[in-house]
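Protein chains in written order, with this note's numbering: chain P, 5 to 245; chain L, 2 to 402.
Everything labelled a hint here was simulated from the structure, so no lab data went into it.
Cβ coordinates follow ideal geometry from the N, Cα and C atoms, glycine included.
Check each hint, because a few of them may be wrong.
Stated by the list, open to error - Heads up, simulated BS3-like pairs for lysine-lysine below, C-alpha to C-alpha not over 27 Å straight-line:
(1) P:K130 to P:K71
(2) P:K60 to L:K398
(3) P:K168 to P:K186
(4) L:K398 to P:K131
(5) P:K131 to P:K71
(6) P:K71 to P:K186
Unchecked claim - Chain P side only, calculated, beta carbon under 10 Å to chain L, not exhaustive:
(7) I73
(8) T74
(9) A82
(10) I95
The chain contents come next:
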Amino acid sequence: MSEPILTLTGVHADIDQYHILHGIELQVPRGELTVLLGRNGAGKSTTLRTIMGLTKVPRGSVTFNGKDITSWSTSRIARAGIAFVPENMGIFGQLTVRENLVLAGTHGPLDQARLDWLFDLFPPLKKFWDRPAGNLSGGQKQMLAIARAMVEPRDLLLVDEPTKGLAPAIIDDLATAFEELKAREVSILLVEQNFSFSRRLGQTVAVMNDGQVVHSGTMAELAQDSALQQDLLGLGLGAHQ
Amino acid sequence: MLQSILSGDLPRSRVLSVALIAILIALALGPFLFPGTRAFATLGMICVFIIVVAAYDLMLGYTHIVSFAHTMFFGIGAYGVALGIGHFGSGFGAIFIGILGALLLSAALALLLGLLSLRVKAIFFALVTLAVAFAFLSVVTQMYHITGGEDGLRVRVPRELGPAFRPLDSVTGFDLFGFLGVLFTQPWNLVDGFRDAFFTVRFTGRTLMYYALFLFAGVIFLFLLRLVNSPFGRVLQAIRENEFRAQALGYRTVFYRTAVVILSALLTTFAGALFALFNRYVNPENTLNFELMIFILLMCVLGGMGTLYGAIIGAVVFVVAQNYLQDVLGALSEAVNVGGFVGSLIEPSHWLLWFGLLFVASVYFFPSGIVGQLRIWARRREMRQTVAEHQTESSAKERLT
């Protein structure tokens, strides 16, 4: 495993009166795709929101690129190089596809070569360039959300359940896009319920249960060990495919 | 050229374009087309409200910040000029000092409100602004020795902006509505009607003041159009849709929200100053009243929030209805000449009832505001045309094969 770009040490987090994260220990290796797995309500999405500063951390620390970002504001964390694609995609529906992407470019005009690369990854974005993003289909919105996170080079990409509610053909397109990102050694932390999608992409994996990381290692190990899958995820690999 | 002037934000509806051109011509040539002091005052108030409503729309329509303190800023501008002239004499220097002082006070208050909007959101923020506006109204009313209390202050404008100044001796105008009235009611008297429609315009300093107001309204409107179509404007729209998402993209939404509140307040203050110079009299009733705040809100909603062009349409429809609905009802009452309940309903004194009904009807038929709805209809028409063209092409291809 390469050196971690992101480290969570004993992170606790509350949402209203509920204590959601109970001392998370997590490392995301630089240049690799890490999958965060777990049942519903395990605290995966809260972990991503906590990293982004959207949920306060009463105890523990979040270190990114060697800096303690635990008490940083969300906008400062984003400017430090972490891009976040939330579960609901967070598209600005009344703005056009172009405006959504331009908005994400906080360092001046967009780089045309990078834009062309994104168009290759997600062709519908070019087609619907000047259309309101709210008119896109679910899969196209997901593409736009990921493209928006990648429109400028970022050190780390956090993606929350990108396959949720998408048709198999679109999921395949997304997997191809993630493979391309992997090939470029973009560091990614991916929260996912779809194990077959996760197994195809993940290099390292962390499994969460009840607000804690209960297993971490390589995806290859987990994919080969049906008993471990049964133990950690409750179902065998076949059931998720 | 037009694209550049309008910052690429065209009306996007043929009906709206025609309406805007008609309004532009009416405002530009107003003193030469509509005789009488009431028409002149109406034209001036339309220009004032275009600035006020557009500035308010920047907050409400583009950033979803609901504030009821807008009249406070309007009043600060109006009283700033009145007090400046009162203390330093009726010169342009006094006006400048008055406006500068008002802008500084507004900026300070808006900064406090903007920072408050970070801790208190939505309806609670609106209520706080309402309380602040009422407190300010109370202070102005109580401080009689400075503000003139309920009586207000007379604004002694420089000679160049007053009725005594006559830069042009006699200019001929053409009474458009008078001529149209003859055209529709007495078409056989068209030649006489045409001749009678010409009138002499008293081109005074007040006319100059009107054109200054018209010019400022145009420049401020175009500036706001540029602003909302700039990267800054896109961030505002992003904040409107999802503030957390905008933060997650790296934007300090605190800065943007505060900047919008301050900018909107400054423009409204400036509009208040122009109003004082045009109206030459300020009091709590015509600058700080809560009713005025409701009118601004209605104009914004009526025209279409988040469209800016809505500020023009809303201001024109509202101010014209406010000033002429009574006349229309009077004419209708005379023409219909029925007694009883129906007759009493269309009495000119019941104009507020019809005004309210007009507003309810406009909200019902134009739920996105007049501009928003016109754009929706135009888009639907375009889509229907595209589908029809596509079908024609397909059937032509089928026939060929």
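Here is what the structure says about each hint:
Note on P:K130 and P:K71: the hinted pairing is violated, with a Cα-Cα distance of about 37 Å set against a maximum of 27 Å. Simply put, P:K60 and L:K398 have alpha-carbon atoms about 62 Å apart, too far for the 27 Å limit, and the pair is violated. A hinted pair counts as satisfied when its Cα atoms are at most 27 Å apart, and P:K168 with P:K186 qualifies at roughly 21 Å. Proposed proximity of L:K398 and P:K131 is supported: the alpha carbons are some 25 Å apart, at most 27 Å.
Note on P:K131 and P:K71: the hinted pairing is violated, with a Cα-Cα distance of about 40 Å set against a maximum of 27 Å. Distance check on the hinted pair: P:K71 and P:K186 sit about 24 Å apart at the alpha-carbon level, within 27 Å; holds. Proximity of P:I73 to chain L is violated relative to the hint, the smallest CB-CB distance being about 13 Å (cut-off 10 Å). Annotation: P:T74 was flagged as interfacial toward chain L, and the flag is violated, the nearest CB pair being 17 Å apart, outside 10 Å.
A cut of 10 Å between beta carbons decides the hint on P:A82: the least distance to chain L is about 4 Å, and the hint holds. At its closest, the beta carbon of P:I95 sits 8 Å from a beta carbon of chain L; the interface hint therefore holds under the 10 Å criterion.
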